[in-house]
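Using the sequences provided together with the hints, build the complete structure.
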Amino acid sequence: MQTQNPFLDGLGRLATDAAGAAQGVRAEVEGFIKQRLEKMIADLDFVPRDEFEAVKAMALKALAENEALKARIAAVEAAQGGAKQNEAV
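This note's numbering puts the sequence shown at residues 5 to 93.
In case anyone wonders, no lab produced these hints; they're calculated from the structure. Where is the CB? At the ideal position from N, CA and C, for every residue including glycine. Any given hint might turn out to be false.
[What the hints assert, rightly or not] Label-pair distances were calculated between CB atoms; the ranges are:
1) 8 - 34: 38 to 46 Å
2) 58 - 81: 33 to 41 Å
3) 67 - 46: 28 to 36 Å
4) 36 - 70: 49 to 57 Å
If you want it as structure tokens, here you go:
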């Protein structure tokens with residue numbers, strides 16, 4: 005059974021308008037929070053992922069080159085040590 009009570013109709017419209025306003029406020033607060041978080045993260049000077057990966061690759065390459073040079077030095081020192089032993093005999 006539906007009533008024609010203007011008070012209840014007004015109350016229903018008020019509740020509907022309040023819900024719409026609350027959604028608008030919620031969206032505005034979410035936007036504000038997102039904006040503040042993005043600014044805070046930008047201020048922290050984090051390195052972007054692609055730059056991090058590039059530097060990581062360079063470090064791994066330098067480490068591999070360092071290991072190769074260590075092996076070459078050891079080979080040269082072994083050859084010089086063997087030559088010195090032959091001269092002493």
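Do the hints match the structure? See the list:
{"no.": "1", "hint": "8 - 34: 38 to 46 Å", "verdict": "40 Å, holds"}
{"no.": "2", "hint": "58 - 81: 33 to 41 Å", "verdict": "35 Å, holds"}
{"no.": "3", "hint": "67 - 46: 28 to 36 Å", "verdict": "32 Å, holds"}
{"no.": "4", "hint": "36 - 70: 49 to 57 Å", "verdict": "50 Å, holds"}
In the structure shown, no violation is registered for any of the earlier numbered hints.
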